[in-house]
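Engineer: Once you have looked at the hints, place chain B on chain A.
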Amino acid sequence: DTAVSQTPKYLVTQMGNDKSIKCEQNLGHDTMYWYKQDSKKFLKIMFSYNNKELIINETVPNRFSPKSPDKAHLNLHINSLELGDSAVYFCASSLTSSGNTIYFGEGSWLTVV
Amino acid sequence: DAKTTQPPSMDCAEGRAANLPCNHSTISGNEYVYWYRQIHSQGPQYIIHGLKNNETNEMASLIITEDRKSSTLILPHATLRDTAVYYCIVRVLMKTSYDKVIFGPGTSLSVIP
Numbered sequence: 001d002t003a004v005s006q007t008p009k010y011l012v013t014q015m016g017n018d019k020s021i022k023c024e025q026n027l028g029h030d031t032m033y034w035y036k037q038d039s040k041k042f043l044k045i046m047f048s049y050n051n052k053e054l055i056i057n058e059t060v061p062n063r064f065s066p067k068s069p070d071k072a073h074l075n076l077h078i079n080s081l082e083l084g085d086s087a088v089y090f091c092a093s094s095l096t097s098s099g100n101t102i103y104f105g106e107g108s109w110l111t112v113v
Numbered sequence: 001d002a003k004t005t006q007p008p009s010m011d012c013a014e015g016r017a018a019n020l021p022c023n024h025s026t027i028s029g030n031e032y033v034y035w036y037r038q039i040h041s042q043g044p045q046y047i048i049h050g051l052k053n054n055e056t057n058e059m060a061s062l063i064i065t066e067d068r069k070s071s072t073l074i075l076p077h078a079t080l081r082d083t084a085v086y087y088c089i090v091r092v093l094m095k096t097s098y099d100k101v102i103f104g105p106g107t108s109l110s111v112i113p
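Chains A and B, in that order, give the protein sequences.
To convert, note that position 72 of the first sequence is 72 in my numbering; the numbers rise steadily by one, no gaps.
To convert, note that position 30 of the second sequence is 30 in my numbering; the numbers rise steadily by one, no gaps.
Chain B on its own, in the form it takes in the complex:
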């Protein structure tokens, strides 16, 4: 089972910031939070990841709460092409040599003109 919970769907007006929340209350100290998105009929695309500090790249910003039990993905200026399913993932460490990425149902973001 996924270790994260996300709202099933959200709307965002084009040009506004999209804030996608994620709860991961059982996250362990060495587990990273990853965000992927899947645009219709395409493979999942990596967006960003973080451990405990806030992160920013050319696609998005990731805000992780101090207790690490939740995070928010921010798309600063949403466009129609950002319409997709967004997955918040905690990588589960199976052994020291490998981990497993478990996808939940994600949040379906609709960017509205």
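Looking at chain A on its own, in the form it has when it is part of the complex:
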């Protein structure tokens, strides 16, 4: 079983659309994350949730809205998609919010055309 799973793996959509990426972890972890990896391959943290509460928000545009219905799920909703949103989005989780190994999903490839 995949520890951190995210869907869809690939997504191609037009500018202006609204889309969501879902993430689930079956590790019993308290903390979940969203990272973005752009075309230059830099991996940047976007959000972190601990027990469904937002603890890190890296000045991401408010078109990006994470939602954590429970601590095993952290979904990323993106409104009014722009060309610059094209990237690979990685979900991750860790046992707690500090000092624990972070486990990553396989990524969701988003292409905005």
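Keep in mind the hints are simulated off the structure, nothing from the lab.
Certain hints may be false.
In silico lysine-lysine, DSSO-like type, Cα no more than 30 Å apart, as pairs [as the list claims (entries may be wrong)]:
#1 B:K52 with B:K3
#2 A:K19 with A:K67
#3 B:K69 with A:K41
#4 B:K69 with B:K100
#5 A:K40 with B:K100
#6 A:K22 with B:K52
#7 A:K22 with A:K40
#8 A:K67 with A:K36
#9 A:K22 with B:K69
#10 A:K44 with A:K67
#11 A:K71 with B:K69
#12 B:K3 with A:K44
#13 B:K100 with A:K9
#14 B:K52 with A:K19
To be clear about the criterion: a stretch of chain A counts as covered by chain B if any three or more of its residues have a C-beta under 8 Å from a C-beta of chain B, and this derived list gives those stretches [as the list claims (entries may be wrong)]:
#15 50 to 58
#16 87 to 98
The calculated label-pair distances, taken between Cβ atoms and stated as ranges, are [what the hints assert, rightly or not]:
#17 A:T111 with B:E66: 44 to 54 Å
#18 A:N17 with B:Y46: 19 to 29 Å
#19 B:M10 with A:N17: 34 to 44 Å
#20 B:S110 with A:E82: 27 to 37 Å
#21 A:L54 with B:H40: 38 to 48 Å
#22 A:T59 with B:K52: 32 to 42 Å
#23 B:S9 with A:T59: 46 to 56 Å
#24 A:E53 with B:I39: 30 to 40 Å
#25 A:G28 with B:H40: 36 to 46 Å
#26 A:H77 with B:S25: 33 to 43 Å
#27 B:K52 with A:D18: 41 to 51 Å
Positions of the beta carbon are idealized from the N, C-alpha and C atoms, including for glycine.
Structural biologist: Structure of chain B alone, referenced to chain A:
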């Protein structure tokens, strides 16, 4: 900004040891050094971490200098499947309750047959 510097790329012959250096001269006393790698088109994978003692697991060894300002990740017998980008990370403690993992550009390791 990442608190680490790494060479952008390295080559290693298959079957030989790969030694990947990392400088973290501003590391604080309670900050751990973590190593991850990212194989093409996959999510980052945890390798090893340490505070001040050398560490070894089934994947690699981590050598941390006594002053903790630098470290070396050693893959004892590199294989073609070890070709990846290797990230050296210092976890930045934001508050007592959470830290932030900041990825730098990493070292692109090519294992050559």
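Engineer: Can you give the numbers of the hints that this structure goes against, from lowest to highest?
Structural biologist: 6, 9, 11, 14, 18, 21, 23 and 25
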